[in-house]
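Chains as they are written, first to last, in the numbering used here: chain A, 32 to 190; chain B, 2 to 286.
Hints in this document: simulated from the structure, not taken from any laboratory. Even glycine gets a Cβ: it sits at the ideal position worked out from N, Cα and C. Some hints could be false.
[Stated by the list, open to error] Cβ-Cβ distance ranges computed for the label pairs, FRET-style:
1. V61/A / H72/B: 36 to 46 Å
2. L114/B / F66/A: 23 to 33 Å
3. V142/A / H185/B: 36 to 46 Å
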Amino acid sequence: MTHAPSRSEDHRGRVVAGGVLLGIGVMAAVDEIIFHQLLRWHHFYDGSTPAIGIVSDGLLHTGELFALVAGIFLLLDGRRRQVLRPISAWSGFFLGAGGFQVFDGLIDHKVLRIHQIRYGVELLPYDLAWNIAGVVLFAIGVVLYLRSRRTRPAVASGR
Amino acid sequence: MIVLLASAAIDAPWLRVTTLLALAAAAAGYVAASLPLWRSGCWPGVRIVLWCAGIFAVAVSLVGPLAQLAHHDFAAHMVGHLLLGMLAPLLLVLAAPVTVALRRLPAVRARRLTRLLAAAPVRLLTHPVTASLLNIGGLWLLYRTGLYSRLDDSLAVHMLVHAHVLGAGYLFAFAFVGVDPAPHRPRFATRAVVLLIALAAHAVLAKSLYAGPPPGVPIEQARSGAMVMYYGGDAVDLVLITVFFRQWFTATRPRRRPDRQVEVAPQSGPAAVSSRTTTARHAGA
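When you get a sec, could you build the whole thing from the sequences and use the hints?
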């Protein structure tokens, strides 16, 4: 074995990170495709977005592309180094997806007011559903992550 | 001189012919230089295809129906911008034209070219931050000042702006995913952050055009043009980002364990360009 344990540890961390990035990217893409383009609940630009909102939106939008591609390559990296365990990747995926959902629901919708979930309706049920769904996804990620740590094979075995 | 640079000159047949001839020369030059390398098995054929596709994208954006339409339709102009400023440069950069030149030129001139590429001004221009400022900053100047409305007023402005868009786009693509030699390229993490910010600035500009059209552009055209810029930009960005991370993936390939299989140590980065291994064949694709 050429890898020192710490390096192997490092590569395992990358698998979780890859899952997180993929979760963020997929959730952001779902948000854009379903809510912006299919349902048209959100607006491309709703006329009241402050400048900082547009900037943050642009960063998030580009970050979504980065996250998807980087996540895929990090998981591929884990596979070729033989440290890819599905449970680690999935824990990262749910952490990322839930984390993004809550971030979007609280920061984007409420603090920066880039756009709202839907227009012309009572917002509270939508906001609640949105953020509770996010918290649930995140909690699944936490549970999976703890389980992946408990069931992890010894580093010294090399797998 | 004034007469020559007047607005009618932009559609002049001589300009179209000259542009097409120059592009044909660029395509023919690359193909002629790389074909012998390809025949001897040390040049990936996909790069020849990339180069020709890049030249074709430039041609479509500068000459023909799209270019005609772009004079009075902002959305068509934006399609042209995507082709000339984003897609074509990416294709051309991945074709590694400098490497072709280095390998076909006589040794003395090749060495002179290498020295030129390592010179301070070239290093500055191909730095990710400089290239991003020239590329995306140039677009902000074009659309957020009065420049866009004067684009078709004079031939000089017209040609200068288009040359800048193509040139800055090339520097930009080269700074992030260039396969030609780049002796002083910043490390991967730095380039990743700069690339993220630069592409975000492009998306922000697109959305700002939706909110407020450039001077002289009707709001409806501005909106469809902004959407083209935003989503069309995404498509090209996705290719660019994928190539970027794929290069990281290839460069960080772990060494094979001795018990697996005996293999020549894979090369990565610019050095792979001249290699005959399959790794090198795909490095630029």
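A quick look at each hint next to the structure:
no.: 1; hint: V61/A / H72/B: 36 to 46 Å; result: 40 Å, holds
no.: 2; hint: L114/B / F66/A: 23 to 33 Å; result: 52 Å, violated
no.: 3; hint: V142/A / H185/B: 36 to 46 Å; result: 41 Å, holds
Consistency with the previously given hints fails for number 2 only.
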